[in-house]
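Colleague: Going down the list, the sequences are from chains A and U. Take 89 as the starting number for the first sequence in our numbering and just add one per residue. Take 7 as the starting number for the second sequence in our numbering and just add one per residue.
If you are wondering where the hints come from, they were derived from the structure by calculation, not from laboratory data. Possibly wrong hints are sitting among the right ones.
Covered, in the sense of this in silico footprint (three residues per stretch, anywhere, with C-beta under 8 Å from a C-beta of chain U), are these stretches of chain A [stated by the list, open to error]:
no., region
1, 129–143
2, 170–184
3, 294–302
Under the rule of at most 20 Å between Cα atoms (straight-line distance), these lysine to aspartate or glutamate pairs were calculated in the EDC-like manner [to be verified]:
no., chain 1, residue 1, chain 2, residue 2
4, A, K163, U, E79
5, A, K360, A, D190
6, A, K163, U, D38
7, A, K298, U, E235
8, A, K244, A, D256
9, A, K355, U, E79
10, A, K298, A, D256
11, A, K248, U, D38
12, U, K152, A, D429
13, A, K333, A, D304
The structure displayed is predicted, hence computed values, not measured ones. Built from N, CA and C at the ideal position, the CB exists for glycine as well.
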Amino acid sequence: MPFPLAALGVLAALVAAGPAVAQQRQVTLVNQGGAPAEAQRVAVFEPFTRETGIRVVVDTYNQELARLRSQIETKNLIWDIVSLNPINEAAGCEEGLLEKIDWKQYIPAKPFEAVGGFGACGAPYLISPGVLAYDSDKLKGDQAPTSWQDFWNVEKFPGKRGMLYQPDQMLEVALIADGVAPPDVPKVLTAPGGVDRAFRKLGEIKPHVKWWRSGDESMQLILTGEVTMGYGWQGRVLAANATNKRNLKIVWPAGYVNAIIYLGVMKGTPRKDDAIKLIQYNLSTPAMARYADIMGLPPANADTYPLLSEAKRADLPGQYLDRGMMQGGSTYINFWLDNGDAIRQRFATFVAQ
Amino acid sequence: MLALMAPSVVFVCLVFVLPIALFLFRAVDNSDVPRALPKLALVIGTWNDGELPPEPVYRALVADLTVLRGSPELAILARRLNYALPGFRGTLTRTGRMLPASDVPSAKDALIAVDAKWADPEIWAVLRQQSGPVTDFFLLTALDRKRDVAGDIVPVAGDQAIFIDLYGRTLWVSLGVTLFCVILGFPIAAAMARATPATANWMLLGVLVPFWTSLLVRTTAWVILLQNEGLVNRALIWLGVLDTPLQLVFNRTGVYIAMVHVLLPYMILPLYSVMKGIQQSHLRAASSLGASPLRVFFTIYLPLSMPGVVAGATLVFVSAVGFYVTPALVGGPRDQMIGYFISYFTNSAVNWGLASALGAFLLLLVAITYLILGKLVGFDRLKVR
Numbered sequence: 089m090p091f092p093l094a095a096l097g098v099l100a101a102l103v104a105a106g107p108a109v110a111q112q113r114q115v116t117l118v119n120q121g122g123a124p125a126e127a128q129r130v131a132v133f134e135p136f137t138r139e140t141g142i143r144v145v146v147d148t149y150n151q152e153l154a155r156l157r158s159q160i161e162t163k164n165l166i167w168d169i170v171s172l173n174p175i176n177e178a179a180g181c182e183e184g185l186l187e188k189i190d191w192k193q194y195i196p197a198k199p200f201e202a203v204g205g206f207g208a209c210g211a212p213y214l215i216s217p218g219v220l221a222y223d224s225d226k227l228k229g230d231q232a233p234t235s236w237q238d239f240w241n242v243e244k245f246p247g248k249r250g251m252l253y254q255p256d257q258m259l260e261v262a263l264i265a266d267g268v269a270p271p272d273v274p275k276v277l278t279a280p281g282g283v284d285r286a287f288r289k290l291g292e293i294k295p296h297v298k299w300w301r302s303g304d305e306s307m308q309l310i311l312t313g314e315v316t317m318g319y320g321w322q323g324r325v326l327a328a329n330a331t332n333k334r335n336l337k338i339v340w341p342a343g344y345v346n347a348i349i350y351l352g353v354m355k356g357t358p359r360k361d362d363a364i365k366l367i368q369y370n371l372s373t374p375a376m377a378r379y380a381d382i383m384g385l386p387p388a389n390a391d392t393y394p395l396l397s398e399a400k401r402a403d404l405p406g407q408y409l410d411r412g413m414m415q416g417g418s419t420y421i422n423f424w425l426d427n428g429d430a431i432r433q434r435f436a437t438f439v440a441q
Numbered sequence: 007m008l009a010l011m012a013p014s015v016v017f018v019c020l021v022f023v024l025p026i027a028l029f030l031f032r033a034v035d036n037s038d039v040p041r042a043l044p045k046l047a048l049v050i051g052t053w054n055d056g057e058l059p060p061e062p063v064y065r066a067l068v069a070d071l072t073v074l075r076g077s078p079e080l081a082i083l084a085r086r087l088n089y090a091l092p093g094f095r096g097t098l099t100r101t102g103r104m105l106p107a108s109d110v111p112s113a114k115d116a117l118i119a120v121d122a123k124w125a126d127p128e129i130w131a132v133l134r135q136q137s138g139p140v141t142d143f144f145l146l147t148a149l150d151r152k153r154d155v156a157g158d159i160v161p162v163a164g165d166q167a168i169f170i171d172l173y174g175r176t177l178w179v180s181l182g183v184t185l186f187c188v189i190l191g192f193p194i195a196a197a198m199a200r201a202t203p204a205t206a207n208w209m210l211l212g213v214l215v216p217f218w219t220s221l222l223v224r225t226t227a228w229v230i231l232l233q234n235e236g237l238v239n240r241a242l243i244w245l246g247v248l249d250t251p252l253q254l255v256f257n258r259t260g261v262y263i264a265m266v267h268v269l270l271p272y273m274i275l276p277l278y279s280v281m282k283g284i285q286q287s288h289l290r291a292a293s294s295l296g297a298s299p300l301r302v303f304f305t306i307y308l309p310l311s312m313p314g315v316v317a318g319a320t321l322v323f324v325s326a327v328g329f330y331v332t333p334a335l336v337g338g339p340r341d342q343m344i345g346y347f348i349s350y351f352t353n354s355a356v357n358w359g360l361a362s363a364l365g366a367f368l369l370l371l372v373a374i375t376y377l378i379l380g381k382l383v384g385f386d387r388l389k390v391r
């Protein structure tokens with residue numbers, strides 16, 4: 089066959105294959121990538137595709153709400169399902185970026201009550217605790233911190249501290265260090281003077297802080313000894329231990345900040361039904377148990393706990409549930425939506441001084 | 007000729023001039039507010055003093071909110087007005103939920119009953135300032151200024167003032183980086199220009215390979231090299247130069263090191279091409295007339311290579327001004343540049359008006375620098391050859 093004809097043949101084959109590929113059902117989900125995304129692929133998406141034949145394409149983003157809005161405004165939807173932090177779930181829902189879905193129709197509501205239940209648009213699928221972590225090979229016995237007060241005590245525990253370069257989570261931690269019981273933090277923070285109190289407390293530790301911006305960086309700081317102890321997300325601590333064979337330790341009784349992560353459906357997606365089907369599957373007890381087994385993050389579905397292995401349960405806050413501060417509730421969310429910009433600006437000035 | 011040029015002119019207009027113009031317009035565009043509150047925009051001008059507005063203004067707001075109730079437009083309006091007055095979002099969404107009927111005897115009393123903030127002249131001053139089709143709000147914010155209740159321009163509170171410092175820092179770091187690039191790049195380019203073709207090729211490859219490597223890879227590599235337990239500190243401690251590790255990263259030093267490394271090729275390449283064109287006979291003539299090597303350099307070689315220095319410095323400076331990934335990764339919180347906040351307001355905060363205003367001033371900064379540079383060394387020398 090002469091060359092042009094061969095090319096034509098290839099073209100014809102491609103054209104023939106095109107519709108077949110397009111006919112296969114698929115949904116596109118976006119999350120924050122990294123180890124949690126890999127766990128979700130293995131525990132949820134692959135079995136889901138095997139059972140339903142619906143392919144799951146995964147993309148990553150960094151909770152930038154602008155990327156949802158630009159897709160909606162240009163009517164060019166790339167994503168169908170979005171993983172959202174509590175503030176973005178509320179804002180995206182109000183501003184018409186997400187479908188309003190009555191999740192009670194699809195998923196039993198009871199097991200999700202402990203994490204505040206379903207949102208108007210999103211369904212909670214996991215909890216991401218932000219914790220006090222340190223290297224237990226370097227700090228032993230009474231050298232090891234047991235509270236956020238210890239974290240603030242640079243005399244007894246010399247060295248730098250790793251903290252997240254953003255006010256939400258850090259103001260909350262500062263209040264815990266200032267003696268507020270974790271469940272009371274939302275009330276104290278949103279009350280008049282709460283923000284000032286948190287900034288005052290942060291000011292005490294500020295000269296000793298190395299601020300980090302990504303989960304990887306937070307663990308790198310502790311692993312290399314740049315900081316003596318640091319704030320970090322539990323999933324990252326477990327992943328850092330697993331990949332580096334190290335013994336970073338979480339101080340659960342010190343208190344921790346729980347971010348609830350939601351799944352929501354993009355407004356106007358033609359694949360809404362399949363998207364709901366995937367979220368339903370993702371939140372089901374067996375899928376959540378598989379996910380928790382790999383990732384070690386507390387599942388949002390309370391029915392999952394009995395299915396977890398003994399070892400995994402040991403990684404979870406377990407008996408220290410009352411030491412967790414929940415980033416949720418309408419007062420708390422509205423507080424951040426109203427004051428977030430001003431507080432973030434204040435934080436940036438505060439840190440740079 | 008004209009017909010041949012047309013496609014490229016159209017192309018440049020479409021992908022370059024038009025987007026920049028649109029983006030600059032966003033810095034003053036305020037059409038969202040009058041579109042969402044058309045009735046209010048018509049009557050709010052009737053209110054002029056520090057007192058509370060008259061009943062028709064309250065009534066117009068109720069009428070506008072009745073149309074918006076429960077729609078995404080209300081939430082977007084609330085977000086927009088919240089930029090000007092933190093807490094406005096809450097007031098507006100709450101009012102949207104508990105809106106009084108449009109035939110209440112007094113819309114004023116009804117609104118104040120829903121939220122006492124409607125009795126605060128400040129909220130009305132904000133509404134009046136923000137109800138026109140264009141606004142100077144974002145431009146003022148980008149300069150740490152705002153309008154008070156009376157409409158006068160005043161500085162924002164100290165804990166909110168952030169951008170002027172950032173512009174200063176951006177300018178300062180960029181100038182520093184440019185200076186280091188000239189100092190480091192000049193001898194390398196000169197050596198390349200004088201080397202045999204084979205050696206020059208190898209040297210060129212040494213310049214180009216990092217140039218072709220991803221910015222992110224190079225920046226991350228510097229973090230690994232420079233951190234406390236990194237190669238550089240370990241080597242210095244092992245050699246006995248240091249006892250404790252030197253803080254080389256997550257501060258200004260790290261930013262300079264990484265940025266100079268990333269931008270050095272932009273200095274070397276134009277400089278090399280200019281130096282390559284310098285006639286060796288000029289230098290020989292100067293020496294044969296008795297000039298010392300130092301004099302040859304300062305009166306012949308340096309002036310002849312000046313166009314390359316200027317071209318390279320312009321390229322480096324303009325690129326450095328827009329940097330944000332590198333300072334974000336290797337700098338501390340005191341080393342963030344304006345680009346970081348433009349990206350933050352574009353992507354995370356979705357405050358595109360402010361992002362545009364910040365970008366507009368950055369563009370202005372570059373333009374002013376270019377004009378100063380042009381005045382100092384002559385515009386004909388600013389060309390890259």
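Colleague: If a hint holds in the structure, say so; if it does not, say that too.
Modeller: These are the hints, each one checked on the structure:
1. 129–143: Three-residue rule not met by the region 129–143 of chain A, so violated; n is 0.
2. 170–184: holds (count 4)
3. 294–302: holds (count 3)
4. A/K163 / U/E79: Judged against 20 Å, a Cα distance of about 17 Å means the pair holds.
5. A/K360 / A/D190: Holds, at roughly 13 Å.
6. A/K163 / U/D38: 19 Å, holds
7. A/K298 / U/E235: 15 Å, holds
8. A/K244 / A/D256: 27 Å, violated
9. A/K355 / U/E79: 14 Å, holds
10. A/K298 / A/D256: 17 Å, holds
11. A/K248 / U/D38: Given that 20 Å is the threshold and the Cα spacing comes to 46 Å, the pair is violated.
12. U/K152 / A/D429: Satisfied, since the Cα-Cα distance of roughly 15 Å is no more than 20 Å.
13. A/K333 / A/D304: Roughly 16 Å separates the two Cα atoms, so the pair holds.
In summary, the numbered hints that this structure violates are 1, 8, 11.
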